[in-house]
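Chains as they are written, first to last, in the UniProt record's numbering: chain A, 1 to 279; chain B, 1 to 279.
Mixed in with the good hints there might be a few duds.
No distinction is drawn between identical chains; accordingly, a pair holds when it is met within one copy or between any pair of copies.
Stated by the list, open to error - No farther apart than 20 angstroms at their CA atoms in a straight line, the calculated lysine to aspartate or glutamate pairs in the DMTMM-like style are these: (1) Lys82 - Glu13; (2) Lys195 - Asp171; (3) Lys142 - Asp98; (4) Lys185 - Asp232; (5) Lys142 - Glu213; (6) Lys247 - Glu7; (7) Lys9 - Glu220; (8) Lys195 - Glu213; (9) Lys69 - Glu10; (10) Lys142 - Glu44; (11) Lys82 - Glu155; (12) Lys185 - Asp226; (13) Lys195 - Glu220; (14) Lys9 - Glu66; (15) Lys69 - Asp171.
In case anyone wonders, no lab produced these hints; they're calculated from the structure.
There are 2 protein chains.
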Amino acid sequence: MILINGESKEYIEISDRGFQYGDGLFETIEVRGGHVVCLQRHLERLNSGCLRLHIPFPGAELISLEAEKLCRSMPSNRAVLKIIVTRGSGGRGYRPPDVIQATRVLSLHPYPDYPTNYSEQGIVARFCATRLGLNPALAGIKHLNRLEQVMARAEWTDSAIQEGLMLDINDHVIEGTMTNLFYIKNNNLYTAALKQSGVAGIMRSIIMMLSVEQGLPVVEHMFTSDQLLSADEVFVCNSVIGIWPIKQIATTHFSVGPVTQSIQIQLSEFTSRGINNEQ
Amino acid sequence: MILINGESKEYIEISDRGFQYGDGLFETIEVRGGHVVCLQRHLERLNSGCLRLHIPFPGAELISLEAEKLCRSMPSNRAVLKIIVTRGSGGRGYRPPDVIQATRVLSLHPYPDYPTNYSEQGIVARFCATRLGLNPALAGIKHLNRLEQVMARAEWTDSAIQEGLMLDINDHVIEGTMTNLFYIKNNNLYTAALKQSGVAGIMRSIIMMLSVEQGLPVVEHMFTSDQLLSADEVFVCNSVIGIWPIKQIATTHFSVGPVTQSIQIQLSEFTSRGINNEQ
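Chain A with its partners taken away, still in its complex shape (with noise of 0.2 angstroms):
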C-alpha cells in the first residue's frame, strides 16, 4: 500500500516537481514490530529539509498518523517506510507556483534480507569513481537528486562488495552510497564534515551524540583515503542497516574492533528506546 496524501494509490501526476525536477526530499527509515524508528527525528529532518527548500511542511502529526496507518496495513516484524515530500504540481518551468501544495508519499518496502553477518563481521567496501560534487546550498539535505549516488552504485555489480565510498570532487571521503562513514583513530572518531556535499544522516547524528556522551571525543573533518585506510576501525551506517563495520576497502583489511562494538550496543539500545517513540 501507498499512500499520496493521504489516500492508496500507486501513481501521481506527471506534473508533480518530484518526477520533473527532482524538486522534494525523502526519509528512509526501518518499521521494527510495526513501529517506526526514530520517527520523530527523521520528522525534524524532514521538516528543517522542508524549510531550506521552502516546501511547506506538510506537518509531524499528520504524517504519523499516515505511518501508523500504513504500518498498520501489512503488519511484518520488520519493514522499511519511505516518505518522500515534493513541492507538488506545478506548470512547465522552475518557478515554483504561488500557492505550493506539497505532495507526501509514503510507502512500505520489505526489509532487505542482509546476512547477519554484515553487522557482526563487517562488509567490504570499495571505492567508487563516481565523485560528489560541491553544492553548499544542497548539502546535508536528503533531497530528490540522487544522480550521483545512483551512478556511483550502479559502478559495481559483485555482490561480495556491500558499500562504496564516494570521494568529493576533491579527494576528501565522504561517505558511502546509501550510508555515512566514520573512522575511529586512537581512540577518536571521525566523520566528513558535510558543509560541501554528502547527507546528514539521522543514525549519524545519534552516533555523535552517543560518542560524545560517553566521552569518546567526535570531529567532523575533510580527509582523505589515505588517511581513512590507516584508521583502527571503520564502518558505515544508516537508518535500515544500523551499523555495519568495514573489513576490507579495497586491498587495506580491518578488524572489527571494541569501539564500533560498544558504539553498535548503544545505538541498538538507543534506537530499541525509539520504536516507542520515546526519541
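Dock chain B against the given chain A, drawing on the hints supplied.
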C-alpha cells in the same frame, strides 16, 4: 495529451526512478506550425545523455513518431514539447535494476506568452544568490536533478526581471536559470565552459556553430561577473525563447548591439529550416 511509453496517460508509477531520484533526462523544444524545431539535434543530445547515464535510449524514430502524434493531437501554431526519459521503475535503493526499461514521457504545453519586445528590446536580468555546484560527472547533461535551478528561480517574483544569472561556487558566471549565456567583447563571442556545471543547450551549440561559420571567434572559458558587466553586448538563449538580448543586469545597462542582432537573424533562419527537419 501526455504520452507515457506511447500510451495516453497522466500519471506515472511512484516507483519510477525519475520520481524517486531524479534519475533521468529531459528536453524542452519549440513546436512551430506543428513541427518540432531541430528535433534531431535534441534527440542526439538525449541519446548522448542516456549514454552518459547508462540509460537505454528509447530510439530517435520511436520518439519522433510519438512527437508527431502528439503535435497532431493539439494543433496550434506554437507550443512546447517536453520529452522526459527516466531509468524506469525499480525497487527501493540506488542500485539500478539489472534489466532497465526506460520510461519515456512526451507532453505538449502552451507556448509561453512572452512579449515580443523581449527579443527586440531585451530583458532585465539579475544575479542569483543560489550557486551552481561543481560536478564534472553531470556537467553539461540536461538531467532531472534540477534543484539548483528551482532554488535560483524561486529567489525573485518581480515580473520586471525576466532571468536570473547563476554563478558557480568559485564565482564564475555559468548560465541563466533556464538559458545559456553569451557576451560579446571586442567582436569576440564568449560563453561559459561547461566542464564542471551547467547545461550544454542546443541553441548554445547552434549559435556557436553559426558564429564560427560567420567568422566570429567563439571562446568557451570561465569568467567573472565583472568581466560580464564590462561586455559590449550580452544575451541569453534557449530552445523555446531563441535569443533574448540583455539590456540590464542589476544596475548595469547594455545596448542591443549589432552582433547580437546578427546572430538572432542567423539563428532564426537556421531554426526555420529546422522545422522542416533539415537540421
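Here is what the structure says about each hint:
1. Lys82 - Glu13: both (19 angstroms within a copy, 15 angstroms between copies)
2. Lys195 - Asp171: Both: 15 angstroms inside a chain and 18 angstroms across chains, each within 20 angstroms.
3. Lys142 - Asp98: neither (24 angstroms within a copy, 25 angstroms between copies)
4. Lys185 - Asp232: Answer is within; shortest intra-copy Cα gap is 5 angstroms, inter-copy 57 angstroms.
5. Lys142 - Glu213: neither (26 angstroms within a copy, 46 angstroms between copies)
6. Lys247 - Glu7: neither (44 angstroms within a copy, 49 angstroms between copies)
7. Lys9 - Glu220: Neither. Shortest intra-copy (42 angstroms) and inter-copy (48 angstroms) distances fail the 20 angstroms Cα cut-off.
8. Lys195 - Glu213: neither (24 angstroms within a copy, 45 angstroms between copies)
9. Lys69 - Glu10: For Lys69 and Glu10, the Cα distance is within 20 angstroms only inside one copy (16 angstroms; across copies 27 angstroms).
10. Lys142 - Glu44: Answer is within: at 12 angstroms inside a copy they meet the 20 angstroms cutoff, but 32 angstroms across does not.
11. Lys82 - Glu155: For Lys82 and Glu155, neither the intra-copy (24 angstroms) nor the inter-copy (30 angstroms) Cα distance is at most 20 angstroms.
12. Lys185 - Asp226: within (13 angstroms within a copy, 46 angstroms between copies)
13. Lys195 - Glu220: within (10 angstroms within a copy, 30 angstroms between copies)
14. Lys9 - Glu66: Within one copy, since 13 angstroms is at most 20 angstroms while 28 angstroms is not.
15. Lys69 - Asp171: Neither, since 45 angstroms and 49 angstroms both go past 20 angstroms.
When the structure is compared with the earlier hints, violations turn up for hints 3, 5, 6, 7, 8, 11, 15 and for no others.
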